[in-house]
Amino acid sequence: MSGERSTSARDVFRAPKGTHDILPPASRRFSGFVDAFSGRADQFGYGLVVTPIFEHLEVFLRVGESTDVVTKEMYEFDDKGGRRLALRPEGTASVVRAFVEHRPTEPWKVWYSAPNFRYERPQKGRYRQHWQVGAEVIGSPDPDLDIEVIDLATGFFAALGLSRVRLKLNSMGDAESRAAYIGRLRAFLEPHVSTLGDDFGRMLANNPLRILDSKDPAVIDVVERAPQLPEHLSAEASAHFEQVQEGLQALGIPFELDPRLVRGFDYYTGTTFEFAAESLDAAQDAIGGGGRYDGLAAEMGGPAVSGIGFGIGIERALLACDAEGVFAVPAAPLDVFVIDRRIDVAGTAAAVILHELRVEGLTAEKAYGGRSEKAQWKLAARHEARFTVVLDSSAAELIVRERSTGEEHTVPRELVVGWLYERASGSAIPSGGLQGRRP
RNA sequence: GUGGCCGUAGCUCAGUUGGCUAGAGCGCCGGGUUGUGAUCCCGGAGGUCGGGGGUUCGAAACCCCUCGGUCACCCCA
Numbered sequence: 001m002s003g004e005r006s007t008s009a010r011d012v013f014r015a016p017k018g019t020h021d022i023l024p025p026a027s028r029r030f031s032g033f034v035d036a037f038s039g040r041a042d043q044f045g046y047g048l049v050v051t052p053i054f055e056h057l058e059v060f061l062r063v064g065e066s067t068d069v070v071t072k073e074m075y076e077f078d079d080k081g082g083r084r085l086a087l088r089p090e091g092t093a094s095v096v097r098a099f100v101e102h103r104p105t106e107p108w109k110v111w112y113s114a115p116n117f118r119y120e121r122p123q124k125g126r127y128r129q130h131w132q133v134g135a136e137v138i139g140s141p142d143p144d145l146d147i148e149v150i151d152l153a154t155g156f157f158a159a160l161g162l163s164r165v166r167l168k169l170n171s172m173g174d175a176e177s178r179a180a181y182i183g184r185l186r187a188f189l190e191p192h193v194s195t196l197g198d199d200f201g202r203m204l205a206n207n208p209l210r211i212l213d214s215k216d217p218a219v220i221d222v223v224e225r226a227p228q229l230p231e232h233l234s235a236e237a238s239a240h241f242e243q244v245q246e247g248l249q250a251l252g253i254p255f256e257l258d259p260r261l262v263r264g265f266d267y268y269t270g271t272t273f274e275f276a277a278e279s280l281d282a283a284q285d286a287i288g289g290g291g292r293y294d295g296l297a298a299e300m301g302g303p304a305v306s307g308i309g310f311g312i313g314i315e316r317a318l319l320a321c322d323a324e325g326v327f328a329v330p331a332a333p334l335d336v337f338v339i340d341r342r343i344d345v346a347g348t349a350a351a352v353i354l355h356e357l358r359v360e361g362l363t364a365e366k367a368y369g370g371r372s373e374k375a376q377w378k379l380a381a382r383h384e385a386r387f388t389v390v391l392d393s394s395a396a397e398l399i400v401r402e403r404s405t406g407e408e409h410t411v412p413r414e415l416v417v418g419w420l421y422e423r424a425s426g427s428a429i430p431s432g433g434l435q436g437r438r439p
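The letter at position 166 of the first sequence is residue 166 when you use the working numbering, and the numbering goes up by one with no holes.
Incorrect hints may appear among the rest.
Computed cross-link-like contacts, DSS-like style, restricted to lysine-lysine with a CA-CA straight-line distance of at most 30 Å [unchecked claim]:
(1) K215 - K80
(2) K80 - K17
(3) K168 - K215
(4) K215 - K17
(5) K168 - K72
(6) K215 - K72
(7) K80 - K168
(8) K17 - K72
(9) K378 - K366
(10) K124 - K80
(11) K124 - K72
Bear in mind the hints are in silico, worked out from the structure with no lab data behind them.
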């Protein structure tokens, strides 16, 4: 059999497996999330970086050739020019590639909001296309930056209203201490291969650190007695890690040391961290994570500089917000709704008022398609319009109803835009606005 | 990729051992009442019962395949 599937029209004209559409009004929450992150990143001095959603395959191979994300889950394809490309499975590699390519001034502090793609079996909080916001700093090993990015993320969660997010912290050590530790770990675990099976043996050969993260009770039992990562750091790596912890304490950011925290990408060195939402099931409770990466830029042909960053999964973080009942983003009330009472009269009067209001920056809406007056009032209510303007057959004067007070005013047509602007914004239209320009 | 559970209207669901024209609430549309938009009342639209095949006189229901969701594993955001 070929790998091709036959798909009916019904199957094809829907979002592909593991993907989802984000529609209004729910999308308001999505954009609000990104806006909140953008605002905080801006405050911390991070600029937006936008990279392609696909890169040359090699960019992502740097994520780690023994990781599932790269070996099993990547969307790889050849383009018509024969290039080997892949859809971005995670955020950091692309950003480091952009750094290497453009060589901006260091430290380079950037944030992003972008979709990632992984071919895996979907579940709740786990999608083939999921969105992340994240931040990266490339070009400085300063532990203050470890502290800064963690502060950025922690405060962001707090700004969303999340209170049940745990910060787990670990250090992978620098290249030397990491290699030395892997040697010790391997020596310790080797004798257990016979009892723990082939998968264990394979993992031990390919990526022994990942064994530390195992959920298999039998493996955990062994791992608990294994040498621990933080006890085998070089003096330098240890001092760096100490300083990060002191900094977090000084900022009042609670964290817990997790010596078995090993993140899924190979490039991490030194500080690693993960944010776990206590309100979510363990399967999707990792709502963000990151760490320091010393060798990544050099591996892409750039300078041997260190970087640090994190990614936060938007869908999962929003699930956590749901679970905690926070971060509702209600629709902003409309300033003005225009009701056209002259449904039997063809004309542009309502459209013209709408236009003039919008020119002045007010939010304004009307009904479409010759709806009944009652239906129009209902729509105005649904929009929570602060003011409703009723357009009658006498075009010279309009009735304006103020929702909060229930008061009705009769306002001459030529003054109504200015009148509404003043009431809605609390000040007069600057520079006279549209007055007198009415057709 | 492996295994379990699930799939009926836009949404949440009911539908008895297989048997009338497949229902309800919410939402949507129209109308009525009302101190113009709440409440309340009346009416309407909307369904290839996820899709295909099979069993049967008869399938939303039973069987097989498939697509999708969900849970566990794996992995991760």
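Practice task
Of all the hints given earlier, name the ones this structure violates by number, lowest first.
Solution key: Hints 1, 7 and 10 are the ones this structure does not satisfy, whereas the remaining hints hold.
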